[in-house]
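Student: Read off the chains here:
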Amino acid sequence: MTNMLSVTGLTAGYGRVTVLHGIGIEAGKHGNVGLFGPNGHGKTTLLRAVSGLLKPKAGSIVFDGADITGESARSIVARGLVHVPQGNTLFPDLTIADCMSLGAFSPHARPHEAANKERVAALFPKLAERWRQRVRTLSGGERQMVSIGVALMSHPKLLILDEPTLGLAPKIKDELCKAVLDISKAGVPLIVVEQDVEFLLELTNHLYFINHGQVETEIKPGDSLAHSDIMAMYFGQ
Amino acid sequence: MSVIETSAPTVSAPPRAPGRTPWMTELAGALVGLLVLALLPLVVGDAYGRHVLIMVFIYAVVASNWDLSLGYGGVFNFGHLALFGIGVYAYSLLTKLAMFDPWVALVASGVIAVVAAVVVTIPILRLKGIYIILVTFGFAQLVMQVILSQSDYTGGTQGIVRIPGLYWFDHNMVRDAKFAYFYIALAMLALSTLFLRVFVRSRTGKSVVALRDNEEYAVSRGVSLVRQRMITLAASAFFTGIAGAFYAAYQRNASVEVFGMSLATIVLSMVLLGGTGTIYGAIIASFVLTVFAESMADFGAWRPMITAVLIIVVMLVYPGGIVGMLKALWGLATRRRA
Amino acid sequence: MNALADILFGGLFQGSLYAMMAVGLALVWTTIGVFNFSHGVLMMLGAYFAWQLVDWGLAPALAFPIAVLLMAGVGWLLQATVVRPLIGRANLVLVVVITTLAAGSLIENGVLELWGPRSKQIPPLVAGNAMLGGVGVSLHQIAIIVVTPIILLALWLFLNRTRLGLALRAVAQNEDAACLVGLNVTMLYGLAFAIAASLAALAGIFLGGYRFMTPVMGADPLLKALIVVVFGGISSISGPIFAAYLIGFFEAICSYYFGLYWTPALLFAALILTLMIKPEGIFASRSRGLA
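If you read the protein sequences in the order shown, they are chains A, B and C.
Oh and the first sequence: position 31 is 31 in my numbering, straight run, nothing missing.
Oh and the second sequence: position 189 is 189 in my numbering, straight run, nothing missing.
Oh and the third sequence: position 140 is 140 in my numbering, straight run, nothing missing.
A couple of the hints might just be wrong.
With beta-carbon atoms standing in for the labels, derived distance ranges [what the hints assert, rightly or not]:
1) His108(A) / Leu263(B): 24 to 32 Å
2) Ala219(C) / Ser151(B): 56 to 64 Å
3) Thr11(A) / Leu40(B): 34 to 42 Å
4) Ser139(A) / Leu157(C): 28 to 36 Å
5) Ser151(B) / Ala270(C): 50 to 58 Å
Within a straight-line C-alpha distance of at most 30 Å, the following computed DSSO-like cross-link-like pairs (lysine-lysine) qualify [claimed, not checked]:
6) Lys173(A) / Lys126(A)
7) Lys157(A) / Lys55(A)
8) Lys173(A) / Lys185(A)
9) Lys55(A) / Lys220(A)
10) Lys96(B) / Lys55(A)
11) Lys57(A) / Lys327(B)
Hint data in this document are derived by calculation from the structure and do not stem from the laboratory.
Nothing here was measured: the structure is a model prediction, and the numbers come from that model.
A virtual CB, placed ideally from N, CA and C, is assigned to each residue, including glycine.
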């Protein structure tokens, strides 16, 4: 398996503040990728740079063989790189049905709209029940499901999830975990950022510990790193 | 969170909040500025030049008071100019019809403007953002309509003429090339600025800013939204009303033009150009814009067009306004030295 | 019977005018989330474009649509210069009020320079008069009453039944999410303003057909449009539309019984009263949250 996504030497930030200092990760060769680390150290910034919401100051991003550094979010989505952002404010006044239609807006996603809608309804039966409800009336967990559902409608070749379980109750987390696993099994590679290391270890086996805007440790599958070591890394720093 | 390199602090004075000048420094700076302005009539001897400066002072008062409710209070009172207009008409009616002493009428106009501000606060007590803009806009139009409709008293579209001017003992107010009016206007500006700055630095002022920056938090800490909003708007009204009264006394006539959009646009530009939430910014911007406009007096319709372009450019490029620009430059200068 | 016909007709006519004036303002607010204070000026400019085209010899049936299209371009240009660059700023709504106000002043004075202050008129949509239920009306007014609901319906269908309209509605609610779903936000902003400007142009053409046009004719319609939008609730397009007709009838009734003199004051008083009781407007179901 070749690399779906290759980030090299990426420097990015906001205004005069540099958050990422020449960071590099690779996704695809070793299965799903997980990113973890203390808050505010660049994980979300990295994802925003990859998905085109933030223009990097230096470095390169290669997706599926093409250099996408500096491309607009719109064209990156059209290539199949789909980012589910942190938080789930989404579109408060739109219905779930609207959101799903919106997800299939990109020209490459439109032919698969009907099929993807069925997939989403099957994956998240709770949403199927509330199809005509407005997003603002949904619970946090349901909104997160909508976020992921919308991403699926965009027909992703690579799916990026930023803190999908943030603020959710354990039961909902399990539901989400199961759904995301199903998505992964259906053949969509994932990059997941998570605080919940358990969740991360369920879904991914190629991990990056990000600290101070750089990769401090890379854990490939097969690396003999005990679970407790990972926890120590996360909490000990 | 940030990865900005910070140099180790040097030993000495307690750390100052960035941008917070201690009040003694500010007072010193303000007094110097006041002195410079007070000496201007020695340099500017002709009546026209002094007239321009008097207009600058009037605009500066109105604009800086608008900055109080807008920049500090975070409440976009689109009817602020209506308070000015109320001051104009209050003074005119009090002196012409009720035969009040001009100085008494001047202060009374300020009070009337405050009452009007309190009245307008009532409908917007709990409204947010855009609604405040729309209601206060409506209020301004309503006041204008009322004044127009009561033409028996207010002269309607013709306005009021031969309004009694201010007096200073036996001084001849008419033939001194606007000398006396200059100093009265300057005194008004000084008092207004003093009032505003004291208000801003007071506990009330700080709670107002707290409300602006994070309403929910401030309310949860016991700051009364309703009361503070009313206080801020009332505070911003007093000297605005007085400025209106002074305008009527100085020009000796009043018209509903003061309620028009063009004046509101000009004054609002002064607030924004200067940088909201600074008070002094609005004053500086009043100078800049008025002098700028006067220098273009012959350009006809091009003058408002160029002013409009200027406003747009400043808003696009320098959201912090003039003061923001100065702060940035100062920051650059001091950082280089360090 | 005469009074009823008079009020009915007057209400429908004023309502249609107000609806046409307000809907463009409401559109920009519900999609982009800003208030365009040059809206009145855009109405005026549309009327002036139409006048110039007719003056050059074009038939009104051709001149009017061309003017509307030109104004669509102006709307696009306007948002590209004084709105789009400001997206992301902290007090966006406020700053846009200023920049659109300034842009409006710029255009107004430009029109003053180019066309002079003397009033003009453009041909009505349909020339001639008729008697309707004992009331003398102009065909122009009837045309407006008929055309307006058609256009409004088309707009509503576009926004709520097409994918592009859905995209427009999404963009104001969450721009980042819109980008991540592949929407072309730049194009959508331009589209919203272009449509709004076209609607303004139509309103201007309606007005110019029976009233004298001057460069400052946009101030009053802007005010009326603001009132309608606030009244109707700024969370949707349909609210202001209903409010427009309601206000139109209110005005017709007031004018008939109290005369034109007091009507504006009564209207304002009613407006302020409404806002005190229901700040989101009469027809709004929920406050938008963009305020």
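Student: Starting from the hint list further up, note which numbers the structure goes against and sort them upward.
Tutor: Checked against the structure, the hints that fail are numbers 1, 2, 3, 5, 10, while the rest are satisfied.
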